[in-house]
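**Q** Model the full structure from these sequences, guided by the hints.
Protein chains: 2
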Amino acid sequence: MDHIDELLTRGVAEVLVEADLRRKLAGSRPLRLKQGFDPTKPDMHIGHAVGLRKLRKFQDLGHQVVLIVGDWTAQIGDPSGRDETRPRLTADVVRQNAETYMQQFFKVVDRDRTEVRWQSEWFGTFDLEKALNLAGRFTLAQMLAHETFRKRYEEGGKLTILELMYPMLQGYDSVMVTPDVEFGGTDQKFNNLAGRELMDQMSMVPQDILLVPLIPGTDGRKMGKTFNNTVDILMPPFEMYSKVLSMSDDVLPLYFEVLTDVPLAEVAEIRQAIAAGSANPMEFKMRLAREVVAQFHSPADAPAAEAEWIKRFREREIPEDIPEHAISAPASIVDIMVDSKLAASKSEARRLIDGGGVRVDGEKVAGYDLLLSPGKPAVVQVGRRKFVRVRGA
Amino acid sequence: MDHIDELLTRGVAEVLVEADLRRKLAGSRPLRLKQGFDPTKPDMHIGHAVGLRKLRKFQDLGHQVVLIVGDWTAQIGDPSGRDETRPRLTADVVRQNAETYMQQFFKVVDRDRTEVRWQSEWFGTFDLEKALNLAGRFTLAQMLAHETFRKRYEEGGKLTILELMYPMLQGYDSVMVTPDVEFGGTDQKFNNLAGRELMDQMSMVPQDILLVPLIPGTDGRKMGKTFNNTVDILMPPFEMYSKVLSMSDDVLPLYFEVLTDVPLAEVAEIRQAIAAGSANPMEFKMRLAREVVAQFHSPADAPAAEAEWIKRFREREIPEDIPEHAISAPASIVDIMVDSKLAASKSEARRLIDGGGVRVDGEKVAGYDLLLSPGKPAVVQVGRRKFVRVRGA
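Each protein sequence line maps, in turn, to chains A and B.
Each residue of the first sequence is one higher than the one before, starting from 1 at the first, in this note's numbering.
Each residue of the second sequence is one higher than the one before, starting from 1 at the first, in this note's numbering.
Among the hints, a few may not be true.
Just so you know, same-sequence chains aren't split out, so a pair can sit in one copy or run between any two.
[Claimed, not checked] In silico lysine-lysine, DSS-like type, Cα no more than 25 Å apart, as pairs:
id: 1; residue 1: Lys130; residue 2: Lys285
id: 2; residue 1: Lys376; residue 2: Lys107
id: 3; residue 1: Lys311; residue 2: Lys130
id: 4; residue 1: Lys158; residue 2: Lys364
id: 5; residue 1: Lys41; residue 2: Lys130
id: 6; residue 1: Lys364; residue 2: Lys130
id: 7; residue 1: Lys364; residue 2: Lys346
id: 8; residue 1: Lys285; residue 2: Lys376
id: 9; residue 1: Lys243; residue 2: Lys225
id: 10; residue 1: Lys107; residue 2: Lys151
id: 11; residue 1: Lys158; residue 2: Lys189
id: 12; residue 1: Lys376; residue 2: Lys386
id: 13; residue 1: Lys346; residue 2: Lys158
Hints are computed from structural coordinates only; laboratory data are not their basis.
**A** Put into structure tokens, the structure is as follows:
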């Protein structure tokens, strides 16, 4: 597979207009790659990294990223895919969010080949004349071609004129920074096309558009906070490693494709092996988890996180042959420890709990008032080696 | 009929909210009467005067007019009732139009009780933040409740986001000048309601709205340049007088009601007399024409215009017994004049035409190439006394 082919297809959902972009790439001039973001929510997850990795691949070929900090559009909030008008953010919150965003952005993207531009550079002095001029360049019919807008309007949801202006403001950024190609998730297609349209109206060479897919979360559902299925870029190495391991087998090959540099032929083998059941997926997951940690932290962090995970995993392993302790009514953890000889006295039991050395089913016990009940068997562990299985009498 | 009743009904299409406006009128505080205009087309006709007369009646009770010069909205052009996006006007044209407009406005409205405010006072320093804030206060559903917008959108006409912003800009004027009541034609209801809505959103006492009817032109169709049926406020006395006389009988009673102070009881009598055919409408038309000229010029101009009209009318009267001239094919005015002995030669005929002394059916002949045809009898007149009736052979 040709290098440019892989650049334009691996982890890429759509390119508009591909022939034009290929022509631009064939030239000797470094291209300007626009990536905008709205600092509305500062937390990025590895889903966002798919696009950042793509930017980085372009940078490695000598191209230049232009990062637009959407400090104005953030105050509106991108309506794309949203059922409701967002509450507007204050300038202060936006600034803080932007800082956090960039801290994450530059874990993947090369800061030296990035030009950072804040929208306030042009929108801070934008007057009504200019705003009206912009609003006169788009028709309502064009805006209602946006599925988000059309659905919201047709289903009677609140859709303000302000929100209709979002795509044109984002599009105007392109007029200001003259990109060769704008990068975005597939949900940004409409906004990116507005930029293309505006550049065209103003007799500029219109930007091409490279859209990356929105990947599913670790459980296969849409990646997002709601489902607790994200791997966040700012997670510490061990947490990140464990979170990647928690992924369902289904998403494993896709993650390899869009989040690593593992050759595509090898990714195909992994896909096949999992489908055929000829390999233990855990082995691949651990490899992926190492790749991810190495990327967002450092190569040295990967084996360290893995070693820590293995150690903790082993610690939590329960021997098969352990003493049992029967209870006939709910009893406190302290009473159970004394009755089952895990502690010599209630005060020793409390000391052990305070010291963090007591676990129930692998989870640390945080207080004395935990009750265990006869209907729900559980394993109580003190330190590394002492176990008791609690069950109904 | 009570004085306030007549104020709120004669020449009034609708009052919103009438009870509130009556309460305001019952107080001792002079009310602020907002009248906005877009200096897009400077020519006003007597249809516009219906509203100006109403403002004047309020002024005569001690109230204050606030005239908004829509130098910003004019650049957009009111989309109300328009099938197409208007071309945008330059600031210079807008300023010139505004001057011409005010020259006409103050023929009816008392300049001493008028505060003139230009939109540029607030929109000249309006920034994007404010524009977005305004755009966030209205939903698309609200805007598409405007028949003009809805029809244009549903029928696939061009409707820009800029046009959707027109009503809010006009509405914002009200926030700036805090009127008690806004005046407008019935086609302004949507825009005026936007002002009411905005004032309400900003916790101000919302303006009431007084809408005046759009009256038909002299021929009974919609008054407008297209139909050549307007009586323009800047017409000289004689032209204005003649134009009023050209009106159809149908509109006569309405004109008396909305354009004169003739008591309503008398207007009812006129309406009845015309309906019953018991009076010659021409007598009433002459009275109306005098009233109109006196209003827009001066009381002395009215009889002068009438005297001039009578003189010219008599001049153009055609004697009953005039020579006939038969033609069997279309012939030029020059040939006909020679053949019928109205001129001694073609060159004399041409001289007479150049001198402006030749008329066909009362209309001055402008060039030599006018053709008369056998199928359409016509009276050719040279000077005051020489006539020939041309007919088919």
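**Q** Work down the list of hints and note, for each, if the structure agrees.
**A** Outcome of the hint check:
no.: 1; hint: Lys130 to Lys285; result: neither (53 Å within a copy, 51 Å between copies)
no.: 2; hint: Lys376 to Lys107; result: neither (44 Å within a copy, 91 Å between copies)
no.: 3; hint: Lys311 to Lys130; result: neither (62 Å within a copy, 58 Å between copies)
no.: 4; hint: Lys158 to Lys364; result: neither (44 Å within a copy, 63 Å between copies)
no.: 5; hint: Lys41 to Lys130; result: between (29 Å within a copy, 24 Å between copies)
no.: 6; hint: Lys364 to Lys130; result: neither (59 Å within a copy, 52 Å between copies)
no.: 7; hint: Lys364 to Lys346; result: within (18 Å within a copy, 122 Å between copies)
no.: 8; hint: Lys285 to Lys376; result: neither (30 Å within a copy, 99 Å between copies)
no.: 9; hint: Lys243 to Lys225; result: within (13 Å within a copy, 74 Å between copies)
no.: 10; hint: Lys107 to Lys151; result: neither (37 Å within a copy, 52 Å between copies)
no.: 11; hint: Lys158 to Lys189; result: both (22 Å within a copy, 23 Å between copies)
no.: 12; hint: Lys376 to Lys386; result: within (20 Å within a copy, 123 Å between copies)
no.: 13; hint: Lys346 to Lys158; result: neither (56 Å within a copy, 78 Å between copies)
Consistency with the previously given hints fails for numbers 1, 2, 3, 4, 6, 8, 10, 13, ordered from lowest to highest.
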